[in-house]
Amino acid sequence: AQKITQTQPGMFVQEKEAVTLDCTYDTSDPSYGLFWYKQPSSGEMIFLIYQGSYDQQNATEGRYSLNFQKARKSANLVISASQLGDSAMYFCAMREGRNTGNQFYFGTGTSLTVIP
Amino acid sequence: GAVVSQHPSWVICKSGTSVKIECRSLDFQATTMFWYRQFPKQSLMLMATSNEGSKATYEQGVEKDKFLINHASLTLSTLTVTSAHPEDSSFYICSARDREQFFGPGTRLTVL
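Protein chains in written order, with this note's numbering: chain A, 1 to 116; chain B, 1 to 112.
No lab work stands behind these hints: they were computed from the structure. No residue lacks a Cβ here, since even glycine has one placed at the ideal position from N, Cα and C. There could be a bad hint or two in this list.
[What the hints assert, rightly or not] Result set (DSSO-like, lysine-lysine): computed pairs, CA atoms no more than 27 angstroms apart in a straight line:
#1 B:Lys41 - A:Lys73
#2 B:Lys41 - B:Lys66
#3 A:Lys3 - A:Lys73
#4 B:Lys20 - B:Lys41
#5 A:Lys3 - B:Lys64
#6 B:Lys41 - A:Lys16
#7 B:Lys41 - B:Lys14
#8 B:Lys20 - B:Lys55
#9 B:Lys66 - B:Lys20
#10 B:Lys14 - B:Lys64
#11 A:Lys3 - B:Lys41
[Said to hold, decoys possible] So the derived label-pair ranges between C-beta atoms look like this:
#12 B:Pro86 - A:Ile115: 33 to 41 angstroms
#13 A:Ile46 - B:Pro8: 15 to 23 angstroms
#14 B:Ile12 - A:Leu84: 28 to 36 angstroms
#15 A:Arg98 - B:Glu59: 18 to 26 angstroms
#16 B:Pro86 - A:Ala1: 15 to 23 angstroms
#17 B:Pro40 - A:Ile115: 17 to 25 angstroms
#18 B:Thr17 - A:Tyr64: 23 to 31 angstroms
#19 A:Gln2 - B:His85: 23 to 31 angstroms
#20 B:Glu59 - A:Lys73: 44 to 52 angstroms
#21 B:Lys66 - A:Glu44: 22 to 30 angstroms
#22 A:Asn58 - B:Pro105: 27 to 35 angstroms
#23 B:Lys64 - A:Leu84: 39 to 47 angstroms
[Claimed, not checked] Pulled a few chain B residues facing chain A out of the computed Cβ check, cut under 10 angstroms:
#24 Ser9
#25 Phe34
#26 Glu59
#27 Val62
#28 Ser89
So here's chain A without its partners, still in its complex pose (with noise of 0.2 angstroms):
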């Protein structure tokens, strides 16, 4: 089964409103982490968020929260007011157990274009 699973392969968001890629995830680790990246065409990634698995609220990161529904397993970004700088990849990623060295498991990611 996929680790991570982002099932929106493109989106398109009209600049200044708010946008959510979505994003499941599978593990039977208790105890995991949540990550999403921002790839723009440089091709450099670029940390946006974290969740942690014992984290009792949702994440937020100016623009950026993210949705976390631990019985659903799914961790959706939401951006708000978006900017044209905001179109770009969005992976998100998971590292399961406590070790910050585990290895990251990437899902396929959503393409986010904001129109002016």
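With the hints as your guide, set chain B onto chain A.
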């Protein structure tokens, strides 16, 4: 935050030659580094886990003799693509572990 660099950022080579890509942790010591490969419009695929002072652990389907990994120091891991062919053209990204994992900017390899 911690910084990971890669060199070169892009390289073009002829088929049959070998190419070395360096991954450096600039302000921390990394006992573990990861090498990923990314084809256009696809996700990152883990190739191998590089541990300082020991042999790398390769993912299934990755040829050890073709993708040589050396992690000789706590700040440097190298990936050498031996006898490169056009199908090896890809974007190669490394990540290094401190308390967290940090990604390098990537190396774009084009084999003619």
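Hint check results:
Of the supplied pair hints, the one linking Lys41 (chain B) and Lys73 (chain A) holds, its CA atoms being roughly 25 angstroms apart against a limit of 27 angstroms. With a C-alpha separation of about 24 angstroms, the suggested pairing of Lys41 (chain B) with Lys66 (chain B) holds against the 27 angstroms cut-off. Straight-line distance between C-alpha atoms of Lys3 (chain A) and Lys73 (chain A) comes to about 11 angstroms, which keeps the hinted pair within the 27 angstroms bound. At most 27 angstroms may separate the alpha-carbon atoms for a hinted pair to count; Lys20 (chain B) and Lys41 (chain B) meet this at roughly 24 angstroms.
For the given pair, Lys3 (chain A) sits about 25 angstroms from Lys64 (chain B) by alpha-carbon distance, which is consistent with the 27 angstroms threshold. Restraint check: the Cα-Cα separation between Lys41 (chain B) and Lys16 (chain A) comes to about 26 angstroms, which is no more than 27 angstroms; the hinted pair holds. Restraint check for Lys41 (chain B) and Lys14 (chain B): satisfied, since their Cα atoms lie roughly 24 angstroms apart, inside the 27 angstroms limit. In summary, the hint linking Lys20 (chain B) to Lys55 (chain B) is supported, as the alpha carbons are separated by about 17 angstroms, within the 27 angstroms threshold.
Straight-line distance between C-alpha atoms of Lys66 (chain B) and Lys20 (chain B) comes to about 12 angstroms, which keeps the hinted pair within the 27 angstroms bound. Taken as a hint, the Lys14 (chain B) and Lys64 (chain B) pair is honoured in the structure, with Cα atoms around 21 angstroms apart against an allowance of 27 angstroms. Proximity of Lys3 (chain A) to Lys41 (chain B) is assessed by CA-CA distance (about 19 angstroms); at most 27 angstroms being required, the pair is judged to hold. A hinted range of 33 to 41 angstroms holds for the C-beta pair Pro86 (chain B) and Ile115 (chain A), which are about 36 angstroms apart.
Between Ile46 (chain A) and Pro8 (chain B) the beta carbon distance is about 21 angstroms. The supplied range of 15 to 23 angstroms therefore holds. The supplied range of 28 to 36 angstroms is met by Ile12 (chain B) and Leu84 (chain A), whose beta-carbon atoms lie about 31 angstroms from each other. Take Arg98 (chain A) and Glu59 (chain B): their Cβ atoms lie about 22 angstroms apart, and the range 18 to 26 angstroms holds. Here the CB-CB span from Pro86 (chain B) to Ala1 (chain A) is close to 33 angstroms, at odds with the stated 15 to 23 angstroms.
About 23 angstroms separates the C-beta atoms of Pro40 (chain B) and Ile115 (chain A), a value consistent with the hinted range of 17 to 25 angstroms. Between Thr17 (chain B) and Tyr64 (chain A), the C-beta spacing of about 42 angstroms breaks the proposed range 23 to 31 angstroms. Look at Gln2 (chain A) against His85 (chain B): about 29 angstroms separates their beta carbons, and that is inside 23 to 31 angstroms. For Glu59 (chain B) and Lys73 (chain A), the Cβ-Cβ distance of about 24 angstroms falls outside the hinted range of 44 to 52 angstroms, so the restraint is violated.
Remark: the range hint 22 to 30 angstroms for Lys66 (chain B) to Glu44 (chain A) is upheld by a beta-carbon distance near 26 angstroms. For the pair Asn58 (chain A) and Pro105 (chain B), the beta carbons lie near 30 angstroms from each other, so the given range of 27 to 35 angstroms is met. Under the hint 39 to 47 angstroms, the C-beta atoms of Lys64 (chain B) and Leu84 (chain A), about 44 angstroms apart, fit the expected range. Because the beta carbon of Ser9 (chain B) sits about 9 angstroms from the nearest beta carbon in chain A, less than 10 angstroms, this interface hint is met.
Using the Cβ-Cβ criterion of 10 angstroms, the hint placing Phe34 (chain B) at the interface with chain A is satisfied: the shortest such distance is roughly 6 angstroms. Proximity of Glu59 (chain B) to chain A holds as hinted, the smallest CB-CB distance being about 9 angstroms (cut-off 10 angstroms). The restraint placing Val62 (chain B) at the interface with chain A is violated, with a minimum CB-CB distance near 13 angstroms, outside the 10 angstroms limit. Interface restraint check: Ser89 (chain B) against chain A, minimum CB-CB distance 14 angstroms, threshold 10 angstroms, status violated.
Hint violations for this structure: numbers 16, 18, 20, 27, 28, all remaining hints satisfied.
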